[in-house]
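Knowing the structure of chain G, use the given hints to seat chain Y on it.
Next come the chains, spelled out residue by residue.
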Amino acid sequence: MSRALISVPPKAKKGEVVQIKALIQHVMETGFRPNSSGVLLPRDIITSFKCLYNGTEVFACEMFPAMAANPFLTFHTLATESGTLEFQWTGDNGFSVKESAKIQVE
Amino acid sequence: MRRRPRGFLAALVVAATAGAALAQAPPGERRTGYELLGPTTKAMQDDDMANPGMLWVLDGEALWARPAGSAGKACAGCHGDAAESMKGVAARYPAFDDKAGRPIDLEQRINQCRVDRQEAPALARESRELNALTVFIARQSRSLPIEDVVAKDERLKPFLEAGKALFERRQGQLNLSCAQCHEELWDKHLAGNTISQAHPTGYPQYRLEWQTLGSLQRRLRNCLIGLRAETYAYGAPEYVDLALYLMWRARGLPIEAPAVRP
Chain G
136 MSRALISVPP KAKKGEVVQI KALIQHVMET GFRPNSSGVL LPRDIITSFK
186 CLYNGTEVFA CEMFPAMAAN PFLTFHTLAT ESGTLEFQWT GDNGFSVKES
236 AKIQVE
Chain Y
178 MRRRPRGFLA ALVVAATAGA ALAQAPPGER RTGYELLGPT TKAMQDDDMA
228 NPGMLWVLDG EALWARPAGS AGKACAGCHG DAAESMKGVA ARYPAFDDKA
278 GRPIDLEQRI NQCRVDRQEA PALARESREL NALTVFIARQ SRSLPIEDVV
328 AKDERLKPFL EAGKALFERR QGQLNLSCAQ CHEELWDKHL AGNTISQAHP
378 TGYPQYRLEW QTLGSLQRRL RNCLIGLRAE TYAYGAPEYV DLALYLMWRA
428 RGLPIEAPAV RP
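For the protein sequence lines, the chains are G and Y, in the order given.
Taking my numbering, the leading residue of the first sequence gets 136, the next gets one more, and so forth.
Taking my numbering, the leading residue of the second sequence gets 178, the next gets one more, and so forth.
Just so you know, the hints here were simulated from the structure itself, not pulled from any lab data.
Mixed in with the good hints, there may be bad ones.
[Claimed, not checked] Some chain G residues judged to face chain Y by a derived CB distance under 10 Å, without partners named: (1) Arg138; (2) Leu140; (3) Pro145; (4) Val152; (5) Val153; (6) Lys156; (7) Ile159; (8) Val162; (9) Phe194; (10) Ala203; (11) Ala204; (12) Asn205; (13) Thr209; (14) Leu213; (15) Thr225; (16) Gly229.
[Claimed, not checked] Label-pair restraints from in silico Cβ distances: (17) Y:Ser304 to G:Thr165: 15 to 25 Å; (18) G:Asn228 to Y:Arg405: 21 to 31 Å; (19) G:Gly166 to Y:Gly215: 25 to 35 Å; (20) G:Val162 to Y:Arg405: 23 to 33 Å; (21) Y:Glu361 to G:Glu151: 49 to 59 Å; (22) Y:Asn370 to G:Asn189: 38 to 48 Å; (23) Y:Asp224 to G:Ser235: 18 to 28 Å.
[Said to hold, decoys possible] Not everything, but these chain Y residues come out facing chain G in the computed CB check (under 8 Å): (24) Gln201; (25) Ala227; (26) Gln388; (27) Gly391.
Using N, Cα and C, we set each Cβ at its ideal position, and we do this for glycine too.
Chain Y with its partners taken away, still in its complex shape:
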């Protein structure tokens, strides 16, 4: 009798688990990427004098106070002390914007303010200035829990659903969904790194691989490239929907921007 190749059974098991509904980690089992870090990277993030993300926070602080655009206004001119006015803001973005008719992320909100109120040109995505301002604002929410924005704003619901669908959709030449790695295989290893649960608690974050600070969209783009899938243009609605879903999924976890990750 011919024996079936060994791999056959394994392939069946994989097919069966892939077909099953991918369960979200229950609240008690949610882990931020921080908890999966090694002790040296944790120490780097914890010490504000060693966390390279703090260099961008300093940049952002300077930009916050500097007048820009033909209106000659600085962020501080309207919003005052960021420690007061921006506290908790990063914990509730992406948020629904009436003008756009859809959710926008923090970077888009900053650029909206720049164009409409400061009458200055929008900052380019991933530019040092935009990342600096974003991380400075996000820093003001450090250790505050991520809010359940969808519960407070019904209008976000369809976009949350769109984000969830994106998260669970198989894509790319590897034909994998985000959920397959980040729901099913977190805590396992992909090359040298531990797979996280994909909770966006520390963005913009300093990635040692990037050797610089980057946004959540840059990180999502990285994952898509890893799947050998088509990436979206920076600022695309798909990224914002996905960010909304990820933030909703991470509700209750503390903001830790600027995080340090391998």
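Here chain G stands alone, though its shape is the one from the complex:
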């Protein structure tokens, strides 16, 4: 299981810009590196990430082999209403991790 660390402010004022941080454990094997016997290690990366705020996509990105292991993303969104932020990572070999965090908007 891949571990993920999510940072969302638990409380925010309506209309406030909030910072969201998402860190996940993943080797991000590029597919270009040979192992000790000279055989290429197969590519194993996260290919996409998205963040849904009460079901609406507020941030999404694609990832490529040049990204470092354990990708760490920081982005901002507008606090509009109380609810749940959902985070989804998908990648090679059926990699799929979902996390969620609550935010209270006053």
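Just chain Y, lined up with the frame of chain G:
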């Protein structure tokens, strides 16, 4: 008259300084690797939500509570809450072990517990599980000062001396000792990195170069490869002696595991 080549004088100066005793930084001038970091790496280490080492701490926390081996015991079964029982432990390792008759490091201690009490196979060095458990335990000592273990246990003395001798011995094709860089040239640059004083305050640590978490022995191995010297097998007594000397040298500095380093 033929002029001596310019380099001659420089070579003499180098020879003279190399011959002189390499002084250890006095306590007031000790710097952890953290102090030599750039602001972005510092910020990464300081924020538990951005420090990738914390992913392994979470792994370790899960392993701590999970029963293992034919005894069916979890670490938590005997040691309870790690925040209580493991507080300060990493600040006093390597420690003398009666059974081994010599100092052992934290990883060896964990494996001893696994084999003897949990009746489970020892975890491989640098495996994700062993690093995770070690960093989880080390995390419980965060910001506590490294203890002077040798002052409390006389039996460690010969091993400390052995570690010191290793630290000061020239080795490898580059014919350099650890002390030459880490006592004399700290704060200077080696390629893009600042040379540290080699205080092992944050192990196991996340190295951006490794893109993963690694132990002090892996780091020592890196340095030996840099010197083009022979490396030891993981878990070798030489590494533990060296670790003991480095911890003694860093006594009083705070534990910061999991540290983030370039």
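Quick rundown of the hints versus the structure:
1. With 10 Å as the threshold, the beta carbon of arginine 138 of chain G comes within range of chain Y, its nearest partner Cβ sitting at about 5 Å, so the hint holds.
2. Interface hint at leucine 140 of chain G: satisfied, since its Cβ lies 5 Å from the closest Cβ of chain Y, which is below the 10 Å cut-off.
3. Here the hint on proline 145 of chain G is broken, as its CB sits about 13 Å from the closest CB of chain Y, past 10 Å.
4. The restraint placing valine 152 of chain G at the interface with chain Y is violated, with a minimum CB-CB distance near 18 Å, outside the 10 Å limit.
5. A cut of 10 Å between beta carbons decides the hint on valine 153 of chain G: the least distance to chain Y is about 14 Å, and the hint is violated.
6. Using the Cβ-Cβ criterion of 10 Å, the hint placing lysine 156 of chain G at the interface with chain Y is satisfied: the shortest such distance is roughly 5 Å.
7. At a threshold of 10 Å, the smallest CB-CB gap from isoleucine 159 of chain G to chain Y is about 8 Å, leaving the interface hint in force.
8. Taken as an interface hint, valine 162 of chain G checks out: its beta carbon lies about 8 Å from the nearest beta carbon of chain Y, inside 10 Å.
9. Against a cut-off of 10 Å between C-beta atoms, the interface hint on phenylalanine 194 of chain G is violated, since the closest Cβ of chain Y lies about 16 Å away.
10. A hinted interface residue such as alanine 203 of chain G counts as satisfied when its beta carbon comes closer than 10 Å to some beta carbon of chain Y; here the least separation is about 6 Å, so the hint holds.
11. Among the interface hints, the one on alanine 204 of chain G holds; its C-beta lies about 4 Å from the nearest C-beta in chain Y, closer than the 10 Å criterion.
12. At about 4 Å, the closest approach between the beta carbon of asparagine 205 of chain G and any beta carbon in chain Y falls short of 10 Å, and the interface hint on this residue holds.
13. Hint on threonine 209 of chain G holds. Least Cβ distance to chain Y is approximately 8 Å, under the 10 Å limit.
14. Proximity of leucine 213 of chain G to chain Y is violated relative to the hint, the smallest CB-CB distance being about 21 Å (cut-off 10 Å).
15. Proximity of threonine 225 of chain G to chain Y is violated relative to the hint, the smallest CB-CB distance being about 19 Å (cut-off 10 Å).
16. At about 20 Å, the closest approach between the beta carbon of glycine 229 of chain G and any beta carbon in chain Y exceeds 10 Å, and the interface hint on this residue is violated.
17. The hinted window of 15 to 25 Å between serine 304 of chain Y and threonine 165 of chain G holds, with their beta carbons roughly 22 Å apart.
18. A hinted range of 21 to 31 Å for the beta carbons of asparagine 228 of chain G and arginine 405 of chain Y is inconsistent with their spacing of about 38 Å.
19. Roughly 30 Å separates the CB atoms of glycine 166 of chain G and glycine 215 of chain Y, a value that falls within the hinted 25 to 35 Å.
20. Under the hint 23 to 33 Å, the C-beta atoms of valine 162 of chain G and arginine 405 of chain Y, about 29 Å apart, fit the expected range.
21. With their beta carbons about 52 Å apart, glutamate 361 of chain Y and glutamate 151 of chain G fall inside the hinted range of 49 to 59 Å.
22. For the pair asparagine 370 of chain Y and asparagine 189 of chain G, the beta carbons lie near 45 Å from each other, so the given range of 38 to 48 Å is met.
23. The hinted window of 18 to 28 Å between aspartate 224 of chain Y and serine 235 of chain G holds, with their beta carbons roughly 21 Å apart.
24. Interface hint status for glutamine 201 of chain Y: violated, as the beta-carbon distance to the closest one in chain G is roughly 36 Å, over 8 Å.
25. Because the closest C-beta pair between alanine 227 of chain Y and chain G is about 6 Å apart, less than 8 Å, the hint holds.
26. Nearest Cβ of chain G to the Cβ of glutamine 388 of chain Y: about 4 Å, under the 8 Å cut. The hint holds.
27. The criterion of a C-beta within 8 Å of any C-beta in chain G is not met by glycine 391 of chain Y, whose closest approach is roughly 12 Å, and the hint is violated.
In this structure, the hints that do not hold are numbers 3, 4, 5, 9, 14, 15, 16, 18, 24 and 27, in rising order.
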